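Asks: The primary structure of each chain is shown beneath.
Number of protein chains: 2
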Amino acid sequence: MTDIQEHTDMSPSEHLPVEPAVLRPADDQTWDAEADVIVVGTGVAGDTTAIHCADLGASVIMLEKSAAPGGTSAKSGGGMMVPNNSYQRALGDVESKEDFIAFLARVGRPLLYSASHPTFGLPQWEYDLIEAYFDHAGEALTRLEELGALRVMHIAGWPSYSDVPEDRMPRGRYVVPQDDAGEMSNGRNAIERMMRTLDELGVEVRLGFRVDGVYVNDAGAVVGVRGHDGAASRSIRARKAVVFASGGFTHNTPLTREYMNGRIVGGCAAVTNTGDFLQIAKSLGLPLHQMDEAFWAPVVWEQALAHDPTLIANFNCAGDSMLVVNKYGDRIANEKVTYHDRTRSHFLWDPTLVEYPNFLQFVVMDKRCRDRYGYDGFIDLTAGNFIPRVGETSPYFLEGATLEELAERFAERLAQHPDEAAGTRLAEDFAESLRSSIERFNGFARQGRDDDFHRGQTAIEQFFMGLDNQLRPAEADPDDSAGQLDPTLHPLADEGPYYGIILAPGVLDTKGGPKVNATLQVLDGDGRPVPGLYGLGNCVASASGQAYWSAGCTWGPYLTFGYIAARSIVGEPEKHVGAGRDTARVLV
Amino acid sequence: MTDIQEHTDMSPSEHLPVEPAVLRPADDQTWDAEADVIVVGTGVAGDTTAIHCADLGASVIMLEKSAAPGGTSAKSGGGMMVPNNSYQRALGDVESKEDFIAFLARVGRPLLYSASHPTFGLPQWEYDLIEAYFDHAGEALTRLEELGALRVMHIAGWPSYSDVPEDRMPRGRYVVPQDDAGEMSNGRNAIERMMRTLDELGVEVRLGFRVDGVYVNDAGAVVGVRGHDGAASRSIRARKAVVFASGGFTHNTPLTREYMNGRIVGGCAAVTNTGDFLQIAKSLGLPLHQMDEAFWAPVVWEQALAHDPTLIANFNCAGDSMLVVNKYGDRIANEKVTYHDRTRSHFLWDPTLVEYPNFLQFVVMDKRCRDRYGYDGFIDLTAGNFIPRVGETSPYFLEGATLEELAERFAERLAQHPDEAAGTRLAEDFAESLRSSIERFNGFARQGRDDDFHRGQTAIEQFFMGLDNQLRPAEADPDDSAGQLDPTLHPLADEGPYYGIILAPGVLDTKGGPKVNATLQVLDGDGRPVPGLYGLGNCVASASGQAYWSAGCTWGPYLTFGYIAARSIVGEPEKHVGAGRDTARVLV
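Chain order of the listed sequences is Y and E.
For the record, in the first sequence the residue sitting at position 480 is 479 according to numbering that gives the first Met the number 0, with numbers rising by one throughout.
For the record, in the second sequence the residue sitting at position 551 is 550 according to numbering that gives the first Met the number 0, with numbers rising by one throughout.
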């Protein structure tokens, strides 16, 4: 498989459509190819849709913009949140649908949540999608395993990301890819396996093919796509349906500026995720939802500014004798909150000072932390860890013999990107305040309880530090004679050297787009399905509200939705190709 | 004029369209009426558009859903932010367009702002609208004065809402309505004057007429509206253009739940503001923008829950020996920040505790504050003041002999609305923490400097307390022998009684909808104007980003946009009424 880095040199503007995105088939329309189903995108959402369509007897052509398959999925850990999965049930843990939906409503729409409301406060379409997810997740996973398209291991002890009483089964929904040797693996490995299955099922996959338009017949049905394969413009007919599973718009700067208000500095979505489907949806007149939300994750600021395509978000802020402060040297949040919610701490607005004081954040740790918690290549638990291995360096990981020296290093880096810093300059007394913040933090560490931000008080935070974690058990610090009351908290040393890095808000990918119904049909402004058009994955509106439900909350629903969509698609009637007509606008 | 309260008993669901919102004229279409221009809505945006259209010779029919004209404008203070106005210029203060746009970009899009960027970082459409606003605001105001449609007084000393160096003219843009006697007046008075001018200009105004659909011809142009006047369904043809100036969606609960994520408890928009245009826009396939933003303002929680149509948002948190705390009894923000930005403090998310700890906020004051700062009917400065006059009471204004008693009063009220409280219950040690918060606050008051939240450090905060304010000069407290170092800060008394009220996030109105171009033509998903369709006011996307630019920032641009739109509309060609055709969807 071509490595993902090989096709990352395209600038976002090259992905923007320049021709009309909605086309009427010509009277004498010729097609370069045709199939029952066209699937755009080869991440987990597209692959599972194509696998199940082919499994059910439909002919499928897959179109992938990149020269390598897999999109963001191939960069990801590949973990899957699968409610009511067979492994869970085998342990006797049978989950109720009501409880599951209540949990997702509680974290996704906390201000709308009501235990007594018929949809737990959720907008109806979100409820419908979540219900479909619960109803079919287990069988969707099982069918992929039967087809050999996926091999997983159950991580029974992995806890949910939020400790709320509405979550009646906080452990058991999580599975991860397994490689041929039975070892825990990742998204790339899972995608490779799916691509093999697609090949076995006779699915044609065209790489380097960018879709930039859809054909719509005179009844308003989508009947094909237009795109480019590098050599020429191509038109491909879909007899039953066109499925977009082409990812979000992380790397479309005009769109992120417009919809995200400047809050995205970077993201680890595949660089091909430039929201091509969103322009098509807008041209089709489809309303977009959840455009200001995302699967958030902090990113290393300078790495994001460098547009490093290998960027992995900072999933877990590693370490214990470590804290994070803002430009004033003040500690601002629980550093061990999971990535999505942790990113929101960057968005605090100070109207009196007319600034985002936490937009850039400064991680500070001592040498003990730097040496114990360096990146060791262990997937998931250290994904996006910015601490280099002992003996290695990173261009973004800074060192100072004293706090004052480290502050100087931070200031130098800020000065290199004054516009991108969005007004962030270190306060004059930054180092002094940082010292006070450390003193206060050290007090909390010594008492084993963070009175300011409750660090360490959730199961997931403890798990990431090794507690109740069979994947990576906690190790006692042999040099720490005093012992440690809480594994997430340890005092910083009184003496340097100190280390640090600058974090900025970023995303895994965006979560906005048109709405879909519970069979993944894309909906128009009147809530009616657009005939022949399906969407799933990060290119359509997510039903997750403000939440990152828990680990695997993209792969889990997307592999389920692929299973559901396929069952609807194969039952679609064949669409006629309408005669061309000169209209002021193409019909939707 | 019928009073606004008379037509406030309609529930939101009664305003939702039940029939298709986009119609094709029939082959034998008959019209109940026709005019060059149809204007929907009689607030400042609609009125000024209609006035200028009529002034330029076009025939105009205005349609108003309510039984009384004026919409939200008639409930408002009616202040206007008019850059480069004649009064300002007469004082020798000539403002540069560049400086003005830079200021609005700095506060509207702070994370995108760049002094060196060609649009100061603004999305192009926002830049274009702001530029048009600056270019025409002065002449728009002058023409309304010439027509007798508006009479204003210049409040030269009123400062901007944000102290930023990019604002080179922080005082001078603000004018307010003046009544016939030359006294400072309000929105209702200004609307009454405009209605008289409309009558003089021969504009027909149909009250109690709710528009719920538009007619679109076979070239995609909007050529009329459908609506109901209580008696029957009516179709009215517009030869040149249909203008929507029908307000936001504050009182459409399904829409606010969907787009605002539960953050709106209430708002002081006219109760007819149920977003009727948004459903039409969605049916037309027009993308919506800024749907998660609003002109925010805190509201009295219980008054909003009671759906009190007379609700006025809490513009200024009155008083000095007063502070605001959250459910933990902790002070959380600068209480004197202007309404819009102050509301954001309600939106802080705590991911560790999985709650919005500041969603409901508790104002606490002593008897001195309660007696000195009670509501005195003085428009603007006390609009939305929740402190009753001395000797009067309010069902929402609570009293306790001690802090513990006041806490009990708060807790009782929370218990009456458990679902609406969104999980807000007072912490067990609320009163104790409140006492600590007061002690710390009193220390800041005694030193005349709020080290935590910078209360009192901006010009607008001082102005609202009477400093440099010729409208309401500050009065020294005769009982305060110690003097007061900062008029916004005064220690709370050590002894009760204490008073308080519960605040929740709310809005003046929403600010989302389809985009418009610099002549106020509504834009489709490809950025092209929809022929014959104009929009302005709160029913279209605001160019203000995250900001409430400053006082009068709705009226100012809207009266300008009415002036600009009219000049474009009167030059529109007459639209033909296309023959009916049976299509799967109506063309846009």
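To be clear, the hints were calculated from the coordinates, so they are not data collected in a lab.
Note that the coordinates shown come from a computational prediction; the quantities given were computed from them, not determined experimentally.
Accuracy of the hints is not assured; some may be wrong.
Sample of chain E residues at the chain Y side, in silico, Cβ under 8 Å [as the list claims (entries may be wrong)]:
id, residue
1, Arg205
2, Leu206
3, Val353
4, Pro356
5, Lys366
6, Thr457
Now the stretches of chain E that chain Y is said to cover, found in silico as 3 or more residues with beta-carbon under 8 Å [unchecked claim]:
id, region
7, 100-114
8, 158-164
9, 169-178
10, 280-286
11, 335-344
We treat Cβ as the ideally placed atom computed from N, Cα and C, and that holds for glycine.
Asks: Are the hints correct? Go through all of them and say.
Replies: Status of the hints after comparison with the structure:
no.	hint	in the structure
1	Arg205	violated, 27 Å
2	Leu206	violated, 29 Å
3	Val353	holds, 5 Å
4	Pro356	violated, 11 Å
5	Lys366	violated, 28 Å
6	Thr457	holds, 6 Å
7	100-114	holds (count 8)
8	158-164	holds (count 3)
9	169-178	violated (count 0)
10	280-286	holds (count 7)
11	335-344	holds (count 5)
When held up to the earlier numbered hints, the structure conflicts with 1, 2, 4, 5 and 9 and fits the remainder.
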